[in-house]
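Now for the letters of each chain:
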Amino acid sequence: MMDYKVPTMAEMAARNETPEILFWVGCAGAFDDRYKKVTIAFAKILNHAGIRFAVLGTEESCTGDPARRAGNEFAFQMLAMSNIQVLDMYSVKKIVTACPHCFNTLKNEYPGLGGNYEVIHHSEFLQQLINERKIRPADGQPFQGKKITFHDSCYLGRANGIYNAPREVLHALDADLVEMKRSRAKGLCCGAGGAQMFKEPEKGTKDINIERIEEALSTGAETIAVGCPFCMIMMTDGLKNKNKEDSVRIYDLAELIAQAGNF
Amino acid sequence: MTIIQQILFILSLGIAAWLVSRRILIISKTIRLGKDENLTDQPGQRLATMMRIAFGQKKMFDKPWVGLLHFMVYAGFLLINIEVLEIILDGITGRHRLFEPLLGDFYPVLIGFFEILALAVLVACSIFLVRRSTGIVSRLQPTRHRELRNWPQLDGKLILIAEIVLMMAILTMNAADSTLQDLDNPHYPQTGTFLISQFLKPVFAGWNEHGLVIYERIAWWVHILGIFAFALYVTYSKHLHIALAFPNTYFTRLVPKGEMKNMPEITSEVRIMLGIDNPPHSEVQAVPERFGARDVQDLSWKNLMDAYSCTECGRCTAACPANITGKKLSPRKIMMDTRDRLEDIGQNMLANKGTFSDDGKALIGDYILEEEILACTTCNACVQECPVLINPLDIILQLRRYKAMDEAKVPASWNMMFQNIDTNQAPWKFAPGDRFNWAESLPK
Ligand code: SF4
Ligand code: SF4
Numbered sequence: 001m002m003d004y005k006v007p008t009m010a011e012m013a014a015r016n017e018t019p020e021i022l023f024w025v026g027c028a029g030a031f032d033d034r035y036k037k038v039t040i041a042f043a044k045i046l047n048h049a050g051i052r053f054a055v056l057g058t059e060e061s062c063t064g065d066p067a068r069r070a071g072n073e074f075a076f077q078m079l080a081m082s083n084i085q086v087l088d089m090y091s092v093k094k095i096v097t098a099c100p101h102c103f104n105t106l107k108n109e110y111p112g113l114g115g116n117y118e119v120i121h122h123s124e125f126l127q128q129l130i131n132e133r134k135i136r137p138a139d140g141q142p143f144q145g146k147k148i149t150f151h152d153s154c155y156l157g158r159a160n161g162i163y164n165a166p167r168e169v170l171h172a173l174d175a176d177l178v179e180m181k182r183s184r185a186k187g188l189c190c191g192a193g194g195a196q197m198f199k200e201p202e203k204g205t206k207d208i209n210i211e212r213i214e215e216a217l218s219t220g221a222e223t224i225a226v227g228c229p230f231c232m233i234m235m236t237d238g239l240k241n242k243n244k245e246d247s248v249r250i251y252d253l254a255e256l257i258a259q260a261g262n263f
Numbered sequence: 001m002t003i004i005q006q007i008l009f010i011l012s013l014g015i016a017a018w019l020v021s022r023r024i025l026i027i028s029k030t031i032r033l034g035k036d037e038n039l040t041d042q043p044g045q046r047l048a049t050m051m052r053i054a055f056g057q058k059k060m061f062d063k064p065w066v067g068l069l070h071f072m073v074y075a076g077f078l079l080i081n082i083e084v085l086e087i088i089l090d091g092i093t094g095r096h097r098l099f100e101p102l103l104g105d106f107y108p109v110l111i112g113f114f115e116i117l118a119l120a121v122l123v124a125c126s127i128f129l130v131r132r133s134t135g136i137v138s139r140l141q142p143t144r145h146r147e148l149r150n151w152p153q154l155d156g157k158l159i160l161i162a163e164i165v166l167m168m169a170i171l172t173m174n175a176a177d178s179t180l181q182d183l184d185n186p187h188y189p190q191t192g193t194f195l196i197s198q199f200l201k202p203v204f205a206g207w208n209e210h211g212l213v214i215y216e217r218i219a220w221w222v223h224i225l226g227i228f229a230f231a232l233y234v235t236y237s238k239h240l241h242i243a244l245a246f247p248n249t250y251f252t253r254l255v256p257k258g259e260m261k262n263m264p265e266i267t268s269e270v271r272i273m274l275g276i277d278n279p280p281h282s283e284v285q286a287v288p289e290r291f292g293a294r295d296v297q298d299l300s301w302k303n304l305m306d307a308y309s310c311t312e313c314g315r316c317t318a319a320c321p322a323n324i325t326g327k328k329l330s331p332r333k334i335m336m337d338t339r340d341r342l343e344d345i346g347q348n349m350l351a352n353k354g355t356f357s358d359d360g361k362a363l364i365g366d367y368i369l370e371e372e373i374l375a376c377t378t379c380n381a382c383v384q385e386c387p388v389l390i391n392p393l394d395i396i397l398q399l400r401r402y403k404a405m406d407e408a409k410v411p412a413s414w415n416m417m418f419q420n421i422d423t424n425q426a427p428w429k430f431a432p433g434d435r436f437n438w439a440e441s442l443p444k
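Line order of the protein sequences matches chains A and B.
Sequence positions in the first sequence follow UniProt numbering and run 1 to 263.
Sequence positions in the second sequence follow UniProt numbering and run 1 to 444.
A hint or two may mislead.
Said to hold, decoys possible - Restricting the straight-line Cα-Cα distance to at most 27 angstroms, the calculated cross-link-like pairs of lysine-lysine (DSSO-like) are:
1. Lys146(A) with Lys134(A)
2. Lys409(B) with Lys429(B)
3. Lys37(A) with Lys328(B)
4. Lys63(B) with Lys181(A)
5. Lys328(B) with Lys186(A)
6. Lys328(B) with Lys242(A)
Unchecked claim - Pair by pair, the computed Cβ-Cβ distance ranges are:
7. Ile276(B) with Asn164(A): 35 to 43 angstroms
8. His171(A) with Ala231(B): 51 to 59 angstroms
9. Pro256(B) with Gln85(A): 54 to 62 angstroms
10. Asp176(A) with Val84(B): 54 to 62 angstroms
11. Pro111(A) with Pro43(B): 18 to 26 angstroms
12. Pro64(B) with Glu118(A): 38 to 46 angstroms
13. Asp88(A) with Val287(B): 51 to 59 angstroms
14. Ala231(B) with Lys203(A): 37 to 45 angstroms
15. Ala10(A) with Asp359(B): 53 to 61 angstroms
16. Asn164(A) with Pro64(B): 18 to 26 angstroms
17. Glu214(A) with Tyr236(B): 40 to 48 angstroms
18. Ile82(B) with Asn164(A): 40 to 48 angstroms
19. Asn131(A) with Val130(B): 49 to 57 angstroms
20. Gln85(A) with Gly433(B): 16 to 24 angstroms
Unchecked claim - Which stretches of chain B does chain A cover? Using the computed rule of at least three CB atoms under 8 angstroms from a CB of chain A, they are:
21. 258-266
22. 321-329
23. 371-381
24. 393-404
25. 408-414
26. 423-431
Note that these hints are calculated values from the structure, not bench results.
Values in this document were obtained by computation on a predicted structure and should not be read as measured data.
By construction, the Cβ of each residue, glycine as well, lies at the ideal position given by its N, Cα and C atoms.
Kindly produce the complete structure, drawing on both the sequences and the hints.
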């Protein structure tokens, strides 16, 4: 059994050390019960790969994405500026995060406020680790030949053009990757972006996550892979609505890799 | 006789030019109501984008068959204009087929080429008309999309019918012309038969010379007056994209789609509030009169040019998750409403000696409903789909800023989220001190 370590930036600074990367956990990763499992899986992977990383711990705040997209630029800039102060205090250079919303905000929107970092989404980072053979997820082979479909999140895909990295990660599992009718640049939103996560949907004929889960189920995949906490929550709700929680599973890319590698 | 025709022609050319330029002026005036936005960086990249998307029709080929048909109409439109140049010069000088002596043997080849294009346009427009009039394409159905009811759906068909009529005029005009050449009418220089219209000559068999001349003249006038009317009509129609697609793709935003525009007018205030610095009084940016956008004047000129460039194709709406699931939001409607508002303001300015007199209306509320902008998931599907690189999302987000910051009117649950962010630095109600608790469940 491995000892898992999750050092904080403050600890590292006290020891006069600097990590290779900062793992930005995000609010969902820190507080949502389901997504905490993803955070833990990713922390385990980082440990197994021998990456010198750190987290901000209680010094992290929301990046401000939901506030900004709901129109509250004041709240956004307050959060962004104080996050930038913290990041710069620790001279952070490289950030990895499992949340496409955090990723997009840190990467594309913080520079406008003076925060410049190299920001990587965990799907890209996992792909690198696999390519460099720092982790060997397929050793356990629990997914060999199993049908998996990947749900593109808007903030990873259309917003930032990352379509291949998550698929490459899934390929490493030796799984049978099936695509939904709407995928990649044509992918359908889970319904949570733009701060929809934090309010009831407007009146319509259907909820967006139901439309999307129906499409995912129609592929016949027994595993739905996601790379975003919001997508995870929305798709899980959809699955419950369809009473399919027992036959179909939803996992984040990091969980799949950790499971495959028996981490 | 020809001198009267020449006078009439020059007169109608003048009137058409005057009417069209008046429209261009009022349109550019309303676009310039928008705020500054600097979109002139990276000219090379911009030119390449315009060549690919507008000139090369790249996105139209996302749907290969439609792309091909549209390309036929587009190429026909661009190239047949060379022939229009001849027609205009003929009209002014009272000559007939002015380019014939200059081009010699090449002339019938050129006209034959134009005739092929004319036939292609005719076929494509007929297919489009059938496609638009039957229920096969959901995004073009007014029963499914309320923004298409009345004028917009008629507009879509009128231009197709106009193109069909114009192309028939060219082809039959050439057929009557060839028949007159066979009769050695002195006004019609011998050019030899034309590629397509030769097959229409049987229509004119048995006509006398006088009748043929009259038909040829009528077709000529219908064609050229039709083009003048078309040019004016386009400025009122979704077909304005034939001109604006070019500048609109050139001036597109060249940043990742996920990046939301910054509000520098807020930054200095936030810096003071956070105690980051205390700039001298003179450097503090003046508080803007409004946060976000309430009306078109608060949007940028590019948002407004977007609105005039919209072809109402509905590709955005067909991809919009909110619209797909029956919500009121339709990104196409956002663009159409913005344009309608601009048109109303333009009319208002015309009626008030060039200045806008407040009509008590606003883009949000009177044209676009709050319910629409609230439903947007900011997924960028609309931005991805648009064949002329329009960004409906940018407008939606600016309207939201107005609602959230200027009016402080957002759903209660969003207010709660704002509060949580204020007190807990997270959108959910959790204590910041618990942020690191997840690590405790890792085996140590
Ligand atoms: S960004 Fe908004 S308007 Fe555009 S497709 Fe997505 S939900 Fe619809
Ligand atoms: S915004 Fe673009 S995609 Fe939408 S209707 Fe207009 S032209 Fe078509």
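Between the region 321-329 of chain B and chain A, are there enough contacts, at least three residues with CB-CB distance under 8 angstroms, for the coverage claim to hold? With 8 residues closer than 8 angstroms to chain A, the region 321-329 of chain B meets the three-residue bar; holds.
Measure nothing beyond the straight line between the CA atoms of lysine 63(B) and lysine 181(A); if it is 27 angstroms or shorter, mark the hint as holding. Given that 27 angstroms is the threshold and the Cα spacing comes to 15 angstroms, the pair holds.
Consistency of beta-carbon spacing, glutamine 85(A) to proline 256(B), with hint 54 to 62 angstroms: 24 angstroms, violated
For the region 408-414 of chain B, do at least 3 residues have a Cβ located nearer than 8 angstroms to some Cβ of chain A? holds (count 4)
So the hint says 18 to 26 angstroms: do the beta-carbon atoms of asparagine 164(A) and proline 64(B) match that? With a Cβ separation near 24 angstroms, asparagine 164(A) and proline 64(B) satisfy 18 to 26 angstroms, so the hint holds.
Mind taking a look at whether chain A covers the region 258-266 of chain B? Criterion is 3 or more residues with CB to CB distance under 8 angstroms. This one holds; 6 residues, not fewer than the three required, reach chain A with a Cβ under 8 angstroms.
Note whether the CB distance of isoleucine 82(B) and asparagine 164(A) lies within 40 to 48 angstroms or breaks it. Taking Cβ atoms as reference, isoleucine 82(B) and asparagine 164(A) lie about 45 angstroms apart, which means the hint holds.
Three residues minimum, CB to CB under 8 angstroms: does the region 371-381 of chain B make the cut for coverage by chain A? Let me know. holds (count 9)
How does the Cβ-Cβ distance of proline 111(A) and proline 43(B) compare with 18 to 26 angstroms: does it lie in that range? 22 angstroms, holds
Does the alpha-carbon distance linking lysine 409(B) and lysine 429(B) stay inside the 27 angstroms limit? 21 angstroms, holds
I want to verify a distance hint. Is the separation of the beta carbons of aspartate 176(A) and valine 84(B) within 54 to 62 angstroms? Cβ of aspartate 176(A) to Cβ of valine 84(B): about 58 angstroms, so the range 54 to 62 angstroms holds.
Is 53 to 61 angstroms right for how far apart the beta carbons of alanine 10(A) and aspartate 359(B) are? 58 angstroms, holds
Consistency with the previously given hints fails for numbers 3, 9 and 13, ordered from lowest to highest.
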